[in-house]
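Asker: Given next are the chains, with one letter for each unit.
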Amino acid sequence: DVKVTQSSRYLVKRTGEKVFLECVQDMDHENMFWYRQDPGLGLRLIYFSYDVKMKEKGDIPEGYSVSREKKERFSLILESASTNQTSMYLCASSTQGFGFSPLHFGNGTRLTVT
Amino acid sequence: QKEVEQNSGPLSVPEGAIASLNCTYSDRGSQSFFWYRQYSGKSPELIMFIYSNGDKEDGRFTAQLNKASQYVSLLIRDSQPSDSATYLCVPRNASPNTGNQFYFGTGTSLTVIP
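Residue numbers (our numbering), protein chains in the order written: chain A, -13 to 100; chain B, 29 to 142.
With the rest of the complex left out, here is chain A (with noise of 0.2 Å):
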């Protein structure tokens, strides 16, 4: 089974804060993503990377940067963490799959900015 995952699964920071949230797959992915959850607003997606150093913006990257050093790890940095930064997230890998390989996600980390 692929196993996604996420370095921490409740996590409280203080504004203005750099927050690094971690995250890992043991299958080879090529592709791993983060979203933020939010109530009403489903999950929208914040950067995704299909190869190690490459990384892509998705629909919210304002306030985030990512790092992919190697193929297994994702890490999503908050550069000063602010308060409409709390939300759950969530890391996610795929295989390139012809379009055939589904998300599978990792437990989620729910981040409170204070």
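The hints are simulated quantities; they were obtained by calculation from the structure and are not laboratory data.
Watch out, some of these pointers could steer you wrong.
Said to hold, decoys possible - Computed list of lysine-lysine pairs in PhoX-like fashion (alpha-carbon distance at most 25 Å, straight line):
#1 A:Lys57 <-> A:Lys(-11)
#2 A:Lys41 <-> A:Lys4
#3 A:Lys43 <-> A:Lys56
#4 A:Lys43 <-> A:Lys4
#5 A:Lys41 <-> A:Lys56
#6 B:Lys70 <-> A:Lys(-1)
#7 B:Lys30 <-> A:Lys43
#8 A:Lys(-11) <-> A:Lys41
#9 B:Lys70 <-> A:Lys(-11)
If you're wondering where the values come from, they're calculated on a predicted model, not measured in any experiment.
Using the hints, position chain B against chain A.
Answerer: Below, chain B alone, put in the same frame as chain A:
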């Protein structure tokens, strides 16, 4: 126009009944369609996928796809209280010029009443 439209619900059905969840999508280039179940506070888990027009059955679940009408549905037979969750319809377009697009709506909330 939203890329994925689902009735947000809540949809309530009595235990043992058939629950019918519907989804329309706008990207005609979508090649595969995934149904995820998400319990409150948890991450989405894959329950069904379908690529070809017609029906696909897996246990109590049946997915239906009509690409001409851009319509996907999920039927849950003999609904159980444990089926109470939000269901996400997720089309995927992995054509080279779309950058691995997975489309998310806000999902349909299902409540199965004992």
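Asker: All hints are to be evaluated individually against the structure, with a verdict given for each.
Answerer: Hint by hint, here is what the structure shows:
1. A:Lys57 <-> A:Lys(-11): holds (14 Å)
2. A:Lys41 <-> A:Lys4: The hint holds at about 20 Å.
3. A:Lys43 <-> A:Lys56: holds (19 Å)
4. A:Lys43 <-> A:Lys4: Measuring from Cα to Cα gives roughly 20 Å; hence the hint holds.
5. A:Lys41 <-> A:Lys56: holds (13 Å)
6. B:Lys70 <-> A:Lys(-1): holds (21 Å)
7. B:Lys30 <-> A:Lys43: Answer holds: B:Lys30 to A:Lys43 is near 20 Å, not above 25 Å.
8. A:Lys(-11) <-> A:Lys41: holds (21 Å)
9. B:Lys70 <-> A:Lys(-11): holds (15 Å)
Violated hints: none; the structure is consistent with every hint.
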